[in-house]
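Make a model of the complete structure from these sequences and hints.
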Amino acid sequence: MKEISLYIHIPFCISKCYYCDFTSFSHENHRIHDYISSLLIEMEMYKEKLKDYTIKTIFIGGGTPSSIDGKYIYKLLQFIYENFNTTGLTEITIEANPGTIDKEKVRLYKEAGINRVSMGVQTLDNNLLKSIGRIHTSEDFYRSYELLKGANIENINVDLIFGLPNQTIENVIDSLDKIIQIGVKHISYYGLILEENTKLYNLYRKGSITLPNEDIEREMYHKVTEYLINYGYNHYEISNYSLAGYECKHNLVYWDLEPYLGLGLSSHSYMENKRFFNVSNINNYIKKLKEKDLPIDGEEIINLETEIEEFCILGLRKIKGINKLEFKRRFDEEIENRYEDIINKHINNGLIVNEKGFVKLTKKGLDLSNLVEVDFLK
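Each residue of the sequence shown is one higher than the last, beginning at 0 in numbering that gives the first Met the number 0.
Hint data in this document are derived by calculation from the structure and do not stem from the laboratory.
Hints should not be assumed to be uniformly reliable.
As the list claims (entries may be wrong) - Each pair of labels, with its calculated beta carbon distance range:
id: 1; residue 1: Glu213; residue 2: Asn282; range: 38 to 46 Å
id: 2; residue 1: Ile228; residue 2: Asn282; range: 41 to 49 Å
id: 3; residue 1: Glu218; residue 2: Val352; range: 19 to 27 Å
id: 4; residue 1: Asn336; residue 2: Gln77; range: 46 to 54 Å
Said to hold, decoys possible - Straight-line alpha carbon distances no greater than 20 Å define the calculated EDC-like cross-link-like pairs of lysine to aspartate or glutamate that follow:
id: 5; residue 1: Lys222; residue 2: Asp158
id: 6; residue 1: Lys148; residue 2: Asp176
id: 7; residue 1: Lys273; residue 2: Glu2
id: 8; residue 1: Lys46; residue 2: Glu290
id: 9; residue 1: Lys109; residue 2: Asp68
id: 10; residue 1: Lys184; residue 2: Glu225
id: 11; residue 1: Lys344; residue 2: Glu354
id: 12; residue 1: Lys70; residue 2: Glu81
id: 13; residue 1: Lys286; residue 2: Asp33
id: 14; residue 1: Lys359; residue 2: Glu333
id: 15; residue 1: Lys1; residue 2: Glu257
id: 16; residue 1: Lys48; residue 2: Glu2
id: 17; residue 1: Lys363; residue 2: Glu216
id: 18; residue 1: Lys70; residue 2: Glu110
id: 19; residue 1: Lys222; residue 2: Asp176
id: 20; residue 1: Lys355; residue 2: Asp255
id: 21; residue 1: Lys184; residue 2: Glu153
id: 22; residue 1: Lys184; residue 2: Glu236
id: 23; residue 1: Lys359; residue 2: Glu308
id: 24; residue 1: Lys273; residue 2: Asp255
id: 25; residue 1: Lys317; residue 2: Glu246
id: 26; residue 1: Lys222; residue 2: Glu169
id: 27; residue 1: Lys327; residue 2: Asp255
C-beta: ideal position from N, C-alpha, C; glycine also.
Here it is as structure tokens:
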């Protein structure tokens, strides 16, 4: 039986962070019931299409899924168990913000089969949290973490951001050290991206905030990588680190270019040689599903050339790199036959190595990954 993963989008938040450009809404509680009902209709409409698939992983993202009543999350997962093949299901992740979960929510998550929680911590410096519009504190994180541990949910990820306003390397290492000491199993570490039409972008344009320069950002990234490796974490993707056995299986589906179905507002899917995405307007989403019309807003047929390019670009995000045997199995040719000149060029530039069955980025290549990746687009 074929495998597929599910992404479920919950677009509601308590408040929108200054740097956020995701499809999300704050203070929209009156719409939650209608939205969840629409999600259930969308799932129902995919039953026939997924009858030959077993669900491999589920990721409930947002928004802040933990900001809504836990009974809604429980209801969504129960519907999946009752209507889809879940014999191959190994991982169910929910995104949560510190301070938005309580004992009852954690109980419902556990009963619903959730076995991984990804917490949007960003930093444990309360002043920095305030400067980016986060409404939680470091104390909220510790309380939420203990609630999860108390329910025997051990597989916890913490999202951290570097390059925040007035952030120093000392700030970064201090937060990291505290997170390591309590035994967090997985850490995602992202550079701040200033997106237009966000509050943080506007503050930066006005000169109200200053951000670390690129050299300091790179130093932050490499210091953290070195620090985590010294503490036994496996650096397995450009922005992700885990203790042994705690890699995020759902994200590996994306990076291995395996099929996934996105459910909910603005969700993206990749299956059966097609990419498609849902509408981003919540009223349109609800209206379409009330009319039993799938809320797909666009699609793209993925030809062989595009599939090869995406396989390579996503493969380079993984620290182990592009698996040459998998490339040969999937595309019936050696990677060197197609990309010999590009591989040799970047070996000579010191950006990649071709060894032990993998084509992968060097430390220097990690800093210049975009330059390498663009060359794999023919």
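Status of each hint after checking the structure:
1. Taken as a hint, the range 38 to 46 Å holds for the pair Glu213 and Asn282, whose Cβ atoms sit roughly 41 Å apart.
2. The hinted range of 41 to 49 Å is satisfied by Ile228 and Asn282, whose Cβ atoms lie roughly 48 Å apart.
3. Between Glu218 and Val352 the Cβ separation comes to about 23 Å, which falls inside the hinted range of 19 to 27 Å.
4. The beta-carbon spacing between Asn336 and Gln77, approximately 49 Å, falls within the hinted interval of 46 to 54 Å.
5. Of the pairs offered as hints, the one joining Lys222 and Asp158 holds, with about 17 Å between alpha carbons and a cut-off of 20 Å not exceeded.
6. For the given pair, Lys148 sits about 19 Å from Asp176 by alpha-carbon distance, which is consistent with the 20 Å threshold.
7. Restraint check for Lys273 and Glu2: satisfied, since their Cα atoms lie roughly 16 Å apart, inside the 20 Å limit.
8. Pair hint Lys46 plus Glu290 holds up; C-alpha atoms about 17 Å apart against a cutoff of 20 Å.
9. With a CA separation close to 14 Å, the supplied pair Lys109 and Asp68 stays within the 20 Å bound.
10. Distance restraint check for Lys184 and Glu225: the Cα-Cα separation of roughly 17 Å lies within the 20 Å cut-off, and the hinted pair is therefore satisfied.
11. Distance restraint check for Lys344 and Glu354: the Cα-Cα separation of roughly 15 Å lies within the 20 Å cut-off, and the hinted pair is therefore satisfied.
12. Our distance criterion of 20 Å between C-alpha atoms is met by Lys70 and Glu81, whose separation comes to about 16 Å.
13. A threshold of 20 Å between alpha carbons decides the hint, and for Lys286 with Asp33 the separation of about 10 Å falls inside it, so the pair holds.
14. A distance of roughly 15 Å separates the Cα atoms of Lys359 and Glu333; the hinted pair therefore holds under the 20 Å criterion.
15. Distance restraint check for Lys1 and Glu257: the Cα-Cα separation of roughly 10 Å lies within the 20 Å cut-off, and the hinted pair is therefore satisfied.
16. Between Lys48 and Glu2, the direct Cα distance comes to roughly 13 Å. Compliance with the 20 Å bound is thereby established for this hinted pair.
17. A C-alpha spacing of about 14 Å is found between Lys363 and Glu216, which places the hinted pair at or below 20 Å, so the restraint holds.
18. Restraint check: the Cα-Cα separation between Lys70 and Glu110 comes to about 11 Å, which is no more than 20 Å; the hinted pair holds.
19. At roughly 12 Å between alpha-carbon atoms, Lys222 and Asp176 fall within 20 Å of each other, so this suggested pair holds.
20. Between Lys355 and Asp255 the CA atoms are separated by roughly 18 Å; this keeps the pair inside 20 Å, and the hint holds.
21. Distance check on the hinted pair: Lys184 and Glu153 sit about 8 Å apart at the alpha-carbon level, within 20 Å; holds.
22. Between Lys184 and Glu236 the CA atoms are separated by roughly 15 Å; this keeps the pair inside 20 Å, and the hint holds.
23. As the CA atoms of Lys359 and Glu308 are separated by approximately 15 Å, the hinted pair is consistent with the 20 Å bound.
24. Between Lys273 and Asp255 the CA atoms are separated by roughly 16 Å; this keeps the pair inside 20 Å, and the hint holds.
25. Simply put, Lys317 and Glu246 have alpha-carbon atoms about 12 Å apart, close enough for the 20 Å limit, and the pair holds.
26. Using a Cα cut-off of 20 Å, the hinted pair Lys222 and Glu169 holds, with the two alpha carbons roughly 10 Å apart.
27. Restraint check: the Cα-Cα separation between Lys327 and Asp255 comes to about 14 Å, which is no more than 20 Å; the hinted pair holds.
The structure meets every hint from the earlier list without exception.
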